[in-house]
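Residue numbers (this note's numbering), protein chains in the order written: chain A, 1 to 205; chain B, 1 to 320.
If you're looking for bench data, these hints aren't it; they were derived computationally from the structure. Model, not experiment: these values are computed from the prediction. Each residue gets a CB set at the ideal place from its N, CA and C atoms; glycine is no exception. Among the hints, erroneous ones may be present.
Claimed, not checked - In silico DSBU-like links for lysine-lysine, alpha-carbon gap of 35 Å or less: (1) A:71 - B:94; (2) B:94 - B:209; (3) A:81 - A:71; (4) A:43 - B:179; (5) B:178 - B:94; (6) A:43 - B:178; (7) B:27 - A:81; (8) A:128 - A:53; (9) B:94 - A:43; (10) B:178 - B:30; (11) B:30 - B:138; (12) A:53 - A:71; (13) A:81 - A:53; (14) A:128 - B:138; (15) A:43 - A:81; (16) B:27 - A:71.
Claimed, not checked - A short, non-exhaustive set of chain A residues, derived as facing chain B with CB atoms under 10 Å: (17) 8; (18) 26; (19) 27; (20) 30; (21) 37; (22) 156; (23) 185; (24) 186; (25) 189; (26) 190; (27) 193; (28) 198.
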Amino acid sequence: MEVIARGAEAVLYLSDGVVVKHRIRKSYRSPELDEMLRTTRTKREARLLALAKRAGVPAPVVLDVDLEEKKLCMSFIRGEKLSRLVDGMEEEELVRVFTLAGELAGRLHRSGIIHGDLTTANMLLSGKRLHLIDFGLGEVSRSLEAAGTDLLVFRKCVRSTHFNHEELIMDSFLSGYRRSFEQAEQTIERMLGIERRGRYFEHRG
Amino acid sequence: MGIEGTAEKLGVGIVSDSGEILVNRVKHMKLAEGIHPSEAAQHHAAHLPSLVRQALEEAGLEMRELSLIAFSRGPGLGPCLRVAAVAARTLALKHRLPLLGVNHCVAHIEIGRLTTGAEDPLTVYVSGGNTQVTAFAKGRYRVFGETIDIALGNCIDQFARELGLGMPGGPAVEKLAKKGSYLPLPYVVKGMDLSYSGLLTAALRLAEKESLADVCFSLQETAFAMLVEVAERALVQAEKREVLLAGGVGVNVRLQEMLGEMCSEQGAELLVPPAEVLGDNGAMIAWLGVLSYLAGARQRLEETQVRQRWRTDEVDVLWR
Numbered sequence: 001m002e003v004i005a006r007g008a009e010a011v012l013y014l015s016d017g018v019v020v021k022h023r024i025r026k027s028y029r030s031p032e033l034d035e036m037l038r039t040t041r042t043k044r045e046a047r048l049l050a051l052a053k054r055a056g057v058p059a060p061v062v063l064d065v066d067l068e069e070k071k072l073c074m075s076f077i078r079g080e081k082l083s084r085l086v087d088g089m090e091e092e093e094l095v096r097v098f099t100l101a102g103e104l105a106g107r108l109h110r111s112g113i114i115h116g117d118l119t120t121a122n123m124l125l126s127g128k129r130l131h132l133i134d135f136g137l138g139e140v141s142r143s144l145e146a147a148g149t150d151l152l153v154f155r156k157c158v159r160s161t162h163f164n165h166e167e168l169i170m171d172s173f174l175s176g177y178r179r180s181f182e183q184a185e186q187t188i189e190r191m192l193g194i195e196r197r198g199r200y201f202e203h204r205g
Numbered sequence: 001m002g003i004e005g006t007a008e009k010l011g012v013g014i015v016s017d018s019g020e021i022l023v024n025r026v027k028h029m030k031l032a033e034g035i036h037p038s039e040a041a042q043h044h045a046a047h048l049p050s051l052v053r054q055a056l057e058e059a060g061l062e063m064r065e066l067s068l069i070a071f072s073r074g075p076g077l078g079p080c081l082r083v084a085a086v087a088a089r090t091l092a093l094k095h096r097l098p099l100l101g102v103n104h105c106v107a108h109i110e111i112g113r114l115t116t117g118a119e120d121p122l123t124v125y126v127s128g129g130n131t132q133v134t135a136f137a138k139g140r141y142r143v144f145g146e147t148i149d150i151a152l153g154n155c156i157d158q159f160a161r162e163l164g165l166g167m168p169g170g171p172a173v174e175k176l177a178k179k180g181s182y183l184p185l186p187y188v189v190k191g192m193d194l195s196y197s198g199l200l201t202a203a204l205r206l207a208e209k210e211s212l213a214d215v216c217f218s219l220q221e222t223a224f225a226m227l228v229e230v231a232e233r234a235l236v237q238a239e240k241r242e243v244l245l246a247g248g249v250g251v252n253v254r255l256q257e258m259l260g261e262m263c264s265e266q267g268a269e270l271l272v273p274p275a276e277v278l279g280d281n282g283a284m285i286a287w288l289g290v291l292s293y294l295a296g297a298r299q300r301l302e303e304t305q306v307r308q309r310w311r312t313d314e315v316d317v318l319w320r
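Same shape as in the complex, but just chain B (with noise of 0.2 Å):
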């Protein structure tokens, strides 16, 4: 069992050693605004145990016959975090099951790679919460290229916010987009990271003057075309024939085709995901979990702590 908890979604989610999804549920957080990380992890304390007790009952199954207890021990917000990781070790405890903590980041890629069949890819992992671009060598996920500032789900979610257009602000910018034409906005790339607070102002100044639609569109454009690029010369430098995408803006129609494009001109394969584990799940985690297990690694109680900015490439692949 994994139980996904490192922001506003809530997930818990059964697989079995053989890489088969029992059960993946994920409970979304209502927002009117931003995440209040406390808020949020009241929301995952008083919902786990429903939860937990509806993913068993969906599976047919009773803690007893589960083999493993996987909770997301971070990257995220330190209050969730907490609520996940205090959660998974009591059930665990409890149930004298195995616990391990593992990376949120990571979980993404090997779920991406489960469900699409992606051997060696390069990842484009692009949340609320994240964004990087990684691809696999000598035993970890190396970070070619990353966010310096906020995430681009992060950038479109604020923008929408601010102009009320609700949350989650993806759907609602990619919708208005459809009928915007383009209008020049601040495109930020050092090297192979991504900037996009400066991005995330400069739209919001020119939505105070500009149609909506335009500036949407631009935002998107813009926003994409950055990621695009970095995933593009990642995809050259690290040679890589597939490039995944993970993370909930990977639902985005645009940016898959943009990547789609891309992929393409290199000759390269786009895998994507079923939406259901494109963005934060708890199958995930509950994969990552049998993968880390059935490797080797374990961990005591008292190495279970959360790890708020824990990096992707500081993860030991001991299972590739």
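Next comes chain A alone, as it looks inside the complex (with noise of 0.2 Å):
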């Protein structure tokens, strides 16, 4: 049993080639909350890791859910976070890369899937294919607010720690999510909006 991975709240461990992904207690939380947060996101990674699959996202394949442990085991894919990339990528591998992750944003929402956590630490670089791991904060929604606050999340994301490239990486991803999704358009309108509405959103004339 090797460690692979040690995240915020899961540890990743590979077991006979299979990947077992364990969400950890939380010491810090009271038991009956910890409880209940590690088994509705094991539930729920499970179930939409197999939907997202579905609608042609590359991603892991589950093999077993043990809600008494909060484990679940699902397929290896050798890659590689592409958070760790960005910064060495020329300017055509980044919209090549950021095309393709808005398409597969583009293929979640259109079939109803709200990823929840949508950050380039969840997105998986392998060769040329990209995979989308980590939907443990996900649900199954078609309305527009929860697409919208999907998009919010990974431009947030893209502004906290991939600032040199901003511009270039929303471009290219939401070149590739409106390639993918007919209600591209408003879905975007809807997260501009929530932005706006924000604590801090600052109006200027």
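Dock chain one against chain two, each of which comes alone in its own frame, and use the hints as you go.
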């Protein structure tokens, strides 16, 4: 058993070629809340990963779910988190990868799947293929609000971690998104609306 | 000298250019209910002159011995900001002193770094008006997570007010929560952003039929767990080793305990500034003024208009 990643909420290890994602107990929160969060997120992730695959989005294949232990077994994808690759990428590659990322987001939304944590840390680049992972915060919803919020999460991630290429990344992402989702325009419009309603949006004349 | 006036608290502080806090006076407005912006502004206008005089007296200084006037330019409530700005401009003009309007949220971060010795922390800033998780990268404090609707402190205050627990609500809710047990409430995290308005509504509804202690406990547990979760993810993502607490909600012992546990699991250190500088105060504005001024920041009078929704990540951090 080899630990391959230690995130904020889970430990991932490789066991017989299979990835086991174990959502670990968080001692800072009350046990009931902790139990509830870990169970729902494990369950959700399993369900959404299956739906995502059906929607044509590359993602790990779920092999087993253990709700008692809060463990999810899935296929291993050899790849690197996109978040770690952005700074070393040429402009052309950035455009290609983020257009693809946007296209995948569009496919999700077209199928009523909200990722919930659409960030570059949850995108694995494996050769030319991009896989989406970490669906634990997601949901099934066809509402504009949910899809708009999903886009805003992505935009904020770009703003906080990839500020050097903010415009290029967003432009590519949205062009891919428009390509795969008929309601892209309304959703982008909603994203901007949600941002304007926010606590920290400065209106400038 | 720093003048803080973004919300219901009015602060005047004097700090030396080496970071010694000479005086830090804060005048709390008595609140029976929520903050009414124009009443708060009247309060500030009425008390600012005497607060400035008291601060000078306590520090044993005269106006002409100061070298800079700084004020909270935003974000905050328009009428309050304008009172602080007008007072600061008047003092600066009258005594021929340079004037700088500074960002309130960044001031919280910097006074925290000054008083705790934090070098490069992830800052968790929680107050009645703000909820933000930020970290420094390439010249700016980048926002990793923030509230998309109301602030954490506002959620607790409004809850307490509706139930007649008094203002500010934090201490009352914290006390009641000690005897409570857990009931489910909505837990809303979107990416790294937080939403507290649904939690407030649900908690108020729950209070109609459940024990107040249980609801207070559950409100705190849920609201804080959301914040700590976002802080933990941001800590991992930003690869920082320190967590700095800022803002008035930071005095909550349960919140400190939860953040402390998360930090020890992540091998990070939690740093909590003294209570006098956790909440809004003038010293933090003065100190950020000093840092900015020494780093070369200058503003002409017409460049000091207030900015009600000024974002933390729009400020160029010239001093780091």
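For each hint, the structure was consulted:
no.: 1; hint: A:71 - B:94; result: 68 Å, violated
no.: 2; hint: B:94 - B:209; result: 59 Å, violated
no.: 3; hint: A:81 - A:71; result: 21 Å, holds
no.: 4; hint: A:43 - B:179; result: 32 Å, holds
no.: 5; hint: B:178 - B:94; result: 52 Å, violated
no.: 6; hint: A:43 - B:178; result: 32 Å, holds
no.: 7; hint: B:27 - A:81; result: 50 Å, violated
no.: 8; hint: A:128 - A:53; result: 17 Å, holds
no.: 9; hint: B:94 - A:43; result: 66 Å, violated
no.: 10; hint: B:178 - B:30; result: 26 Å, holds
no.: 11; hint: B:30 - B:138; result: 41 Å, violated
no.: 12; hint: A:53 - A:71; result: 20 Å, holds
no.: 13; hint: A:81 - A:53; result: 19 Å, holds
no.: 14; hint: A:128 - B:138; result: 30 Å, holds
no.: 15; hint: A:43 - A:81; result: 23 Å, holds
no.: 16; hint: B:27 - A:71; result: 53 Å, violated
no.: 17; hint: 8; result: 4 Å, holds
no.: 18; hint: 26; result: 7 Å, holds
no.: 19; hint: 27; result: 5 Å, holds
no.: 20; hint: 30; result: 5 Å, holds
no.: 21; hint: 37; result: 7 Å, holds
no.: 22; hint: 156; result: 7 Å, holds
no.: 23; hint: 185; result: 22 Å, violated
no.: 24; hint: 186; result: 19 Å, violated
no.: 25; hint: 189; result: 17 Å, violated
no.: 26; hint: 190; result: 13 Å, violated
no.: 27; hint: 193; result: 12 Å, violated
no.: 28; hint: 198; result: 6 Å, holds
Violated hints, listed in ascending order, are 1, 2, 5, 7, 9, 11, 16, 23, 24, 25, 26, 27; each of the other numbered hints is respected by the structure.
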